[in-house]
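Convert by adding 146 to the 1-based position in the sequence shown; the result is the number in the working numbering.
Don't read these hints as lab results, they were simulated from the structure.
Errors might be hidden in some of the hints.
[To be verified] Quick list of simulated restraints, FRET-style, between CB atoms:
(1) LEU155 to SER199: 35 to 45 Å
(2) LEU155 to PRO195: 16 to 26 Å
(3) GLU229 to TYR277: 33 to 43 Å
(4) LEU211 to ILE149: 18 to 28 Å
(5) ILE186 to MET244: 15 to 25 Å
(6) VAL221 to ARG173: 16 to 26 Å
(7) GLU208 to ASP171: 19 to 29 Å
(8) GLU229 to GLU191: 13 to 23 Å
The beta carbon of each residue, even a glycine, is placed where N, CA and C say it ideally should be.
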Amino acid sequence: MGIAKVAALRSNCIKRKVAAVIIRDKRIIATGYNGTPRGIKNCNEGGCPRCNSFGSSGKNLEECLCSHAEENSIVQSAYHGVEIRDSTLYTTFSPCLMCTKMIINSGIKEVVYNAAYPMADLPLKLLAEAYIKVRKV
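Work out the full structure: start from the sequences and follow the hints.
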């Protein structure tokens, strides 16, 4: 989890700094942090209109241009051809619903999180239903 917390410092999101690290066989195989997609102006430079509007948390999420840390770690593993089946994902916040679906479909077997994301009940229930081990540390 310590590495995930350090990776979160790389986030350029002005709303919330989150990172994820995927581990298999005690080795880091992928990392990701939240922020705008590759080649798009960073959130902290005005790249995400939603974040820069200082709107309420949890509102207008469909307008946010930032990719989530879990999403980025899964995408990075695919981009580099690294298999993540049967791995463990460490994330500084519990995953949202969208990221939970990606975690389930990618074959990750365990999710370890540090802080609970607001509105996190359904994602955690889905992970349990998919027989993915979940731990809060």
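Right, here's what the structure says about each hint:
no., hint, in the structure
1, LEU155 to SER199: 35 to 45 Å, "violated, 24 Å"
2, LEU155 to PRO195: 16 to 26 Å, "holds, 24 Å"
3, GLU229 to TYR277: 33 to 43 Å, "violated, 19 Å"
4, LEU211 to ILE149: 18 to 28 Å, "holds, 26 Å"
5, ILE186 to MET244: 15 to 25 Å, "holds, 18 Å"
6, VAL221 to ARG173: 16 to 26 Å, "holds, 19 Å"
7, GLU208 to ASP171: 19 to 29 Å, "violated, 38 Å"
8, GLU229 to GLU191: 13 to 23 Å, "violated, 34 Å"
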